[in-house]
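Chains as they are written, first to last, in numbering that gives the first Met the number 0: chain P, 0 to 226; chain W, 0 to 79.
Derived from the structure by calculation, the hints contain no laboratory data. Just so you know, even glycine gets a beta-carbon here, dropped at the ideal spot from N, CA and C. Don't take every hint at face value.
In silico PhoX-like links for lysine-lysine, alpha-carbon gap of 20 Å or less [unchecked claim]:
id: 1; chain 1: P; residue 1: Lys226; chain 2: P; residue 2: Lys26
id: 2; chain 1: P; residue 1: Lys182; chain 2: P; residue 2: Lys116
id: 3; chain 1: W; residue 1: Lys46; chain 2: P; residue 2: Lys104
id: 4; chain 1: P; residue 1: Lys152; chain 2: P; residue 2: Lys126
id: 5; chain 1: W; residue 1: Lys46; chain 2: W; residue 2: Lys18
id: 6; chain 1: P; residue 1: Lys65; chain 2: W; residue 2: Lys63
id: 7; chain 1: P; residue 1: Lys26; chain 2: P; residue 2: Lys39
id: 8; chain 1: W; residue 1: Lys52; chain 2: W; residue 2: Lys18
id: 9; chain 1: W; residue 1: Lys18; chain 2: W; residue 2: Lys1
id: 10; chain 1: W; residue 1: Lys9; chain 2: P; residue 2: Lys148
id: 11; chain 1: P; residue 1: Lys104; chain 2: W; residue 2: Lys10
id: 12; chain 1: W; residue 1: Lys46; chain 2: W; residue 2: Lys63
id: 13; chain 1: P; residue 1: Lys63; chain 2: W; residue 2: Lys63
id: 14; chain 1: P; residue 1: Lys28; chain 2: P; residue 2: Lys219
id: 15; chain 1: P; residue 1: Lys192; chain 2: P; residue 2: Lys126
id: 16; chain 1: P; residue 1: Lys190; chain 2: P; residue 2: Lys126
id: 17; chain 1: W; residue 1: Lys9; chain 2: W; residue 2: Lys46
id: 18; chain 1: W; residue 1: Lys52; chain 2: W; residue 2: Lys9
id: 19; chain 1: W; residue 1: Lys46; chain 2: P; residue 2: Lys148
id: 20; chain 1: P; residue 1: Lys65; chain 2: P; residue 2: Lys104
id: 21; chain 1: P; residue 1: Lys104; chain 2: W; residue 2: Lys54
Beta-carbon label-pair distances, calculated as ranges [claimed, not checked]:
id: 22; chain 1: W; residue 1: Lys74; chain 2: P; residue 2: Asn172; range: 24 to 32 Å
id: 23; chain 1: W; residue 1: Ile20; chain 2: P; residue 2: Arg14; range: 21 to 29 Å
id: 24; chain 1: W; residue 1: Tyr40; chain 2: P; residue 2: Met29; range: 20 to 28 Å
id: 25; chain 1: W; residue 1: Lys74; chain 2: P; residue 2: Asn33; range: 42 to 50 Å
id: 26; chain 1: P; residue 1: Arg14; chain 2: W; residue 2: Asp59; range: 52 to 60 Å
id: 27; chain 1: W; residue 1: Tyr40; chain 2: P; residue 2: Gln107; range: 24 to 32 Å
id: 28; chain 1: W; residue 1: Val45; chain 2: P; residue 2: Asn33; range: 21 to 29 Å
id: 29; chain 1: P; residue 1: Lys182; chain 2: W; residue 2: Glu34; range: 22 to 30 Å
id: 30; chain 1: W; residue 1: Lys10; chain 2: P; residue 2: Asn157; range: 38 to 46 Å
id: 31; chain 1: P; residue 1: Gln107; chain 2: W; residue 2: Leu24; range: 47 to 55 Å
id: 32; chain 1: W; residue 1: Glu77; chain 2: P; residue 2: Lys182; range: 39 to 47 Å
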Amino acid sequence: MKSSVITFPGSNCDRDMDVALTKFGFKNKMVWHNDQELPKSDLIVLPGGFSYGDYLRCGSMASKSKIMLSVINFAKSGGLVMGICNGFQILVEAGLVPGVLLRNKYLQFICKNVHVKVDNKENSFFKNLDKKVLEFHIAHNEGNYFCTKDQLKEIEDNNQIAIYYCDQNGNTNDQINPNGSIKNIAGIFNKEKNVLGMMPHPERMIDESLSGEDGSIFFKNLLNNIK
Amino acid sequence: MKVSAVITLKKDVLDPQGKVIHETLDGMGFNSVNEVRQGKYFEIDVKENDPKKAKELVEDMCQKLLANLVIENYKIIETQ
Numbered sequence: 000m001k002s003s004v005i006t007f008p009g010s011n012c013d014r015d016m017d018v019a020l021t022k023f024g025f026k027n028k029m030v031w032h033n034d035q036e037l038p039k040s041d042l043i044v045l046p047g048g049f050s051y052g053d054y055l056r057c058g059s060m061a062s063k064s065k066i067m068l069s070v071i072n073f074a075k076s077g078g079l080v081m082g083i084c085n086g087f088q089i090l091v092e093a094g095l096v097p098g099v100l101l102r103n104k105y106l107q108f109i110c111k112n113v114h115v116k117v118d119n120k121e122n123s124f125f126k127n128l129d130k131k132v133l134e135f136h137i138a139h140n141e142g143n144y145f146c147t148k149d150q151l152k153e154i155e156d157n158n159q160i161a162i163y164y165c166d167q168n169g170n171t172n173d174q175i176n177p178n179g180s181i182k183n184i185a186g187i188f189n190k191e192k193n194v195l196g197m198m199p200h201p202e203r204m205i206d207e208s209l210s211g212e213d214g215s216i217f218f219k220n221l222l223n224n225i226k
Numbered sequence: 000m001k002v003s004a005v006i007t008l009k010k011d012v013l014d015p016q017g018k019v020i021h022e023t024l025d026g027m028g029f030n031s032v033n034e035v036r037q038g039k040y041f042e043i044d045v046k047e048n049d050p051k052k053a054k055e056l057v058e059d060m061c062q063k064l065l066a067n068l069v070i071e072n073y074k075i076i077e078t079q
């Protein structure tokens, strides 16, 4: 399976993502933001980082870069696209997933492990996943998911919420919400479920001795789903 | 021609920075503040001398890049 990771000026999780994808069997290529064409890919990943120094709004400049036209076309034709952290912010700014990511509620940069609950498994990203609760890592200043009431209704009606912040038993409540996101939303799909944006970093949880293995579970399952 | 635009957060969007500024003002003794909302101000010099066209151009920029219309409103406040 072939994947491509887009590097924007200021991306800093692009190489971690490359390591993760390669470790689990993807043939990965790195693609520069100023390129116009995507290599043939089964999966496109927009990585985390601080593209364009988070100027104006996080992800806003990167969402207008040349490669994004190809990414948007790829997504519109049903291709799998995943945006992690800053990649999620780029996806919302590009209009590929609904809503927006605001500054964290308590104005702090949050860097810690969190648990997320996977509710919707009728998609290529989480189908056949054995676990319901995964432990991932978050590191962000603008991860406070927000959308209008109308958008929220549409998102819920279409089962577009991918993952929720929760405790280790899968309970979601205000105390466990790290950043103020509406409904504890940590990740969201587009309507067709081929585009996933999420704040947590699965690529940081792929080594038992360094972190945890829930990222490994996620990537192995993802590869099997799109084989 | 210079065109100025102001971007503000929509009413029901949480503005934690504005809230902290409000609390700080309170702490400094400015007790008569009801609310603070923080926004952005742009001064854009465009190669266009017709005020109407210049305004339209910046309005297009606001819609496509400068503002995120899910959470923000924009207003062209001045052309000179």
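Run through the hints listed earlier and report the numbers of any the structure violates, in increasing order.
Of the numbered hints given earlier, those the structure breaks are 3, 4, 5, 8, 9, 17, 18, 19, 20, 21, 22, 23, 24, 25, 26, 30, 31, listed in rising order.
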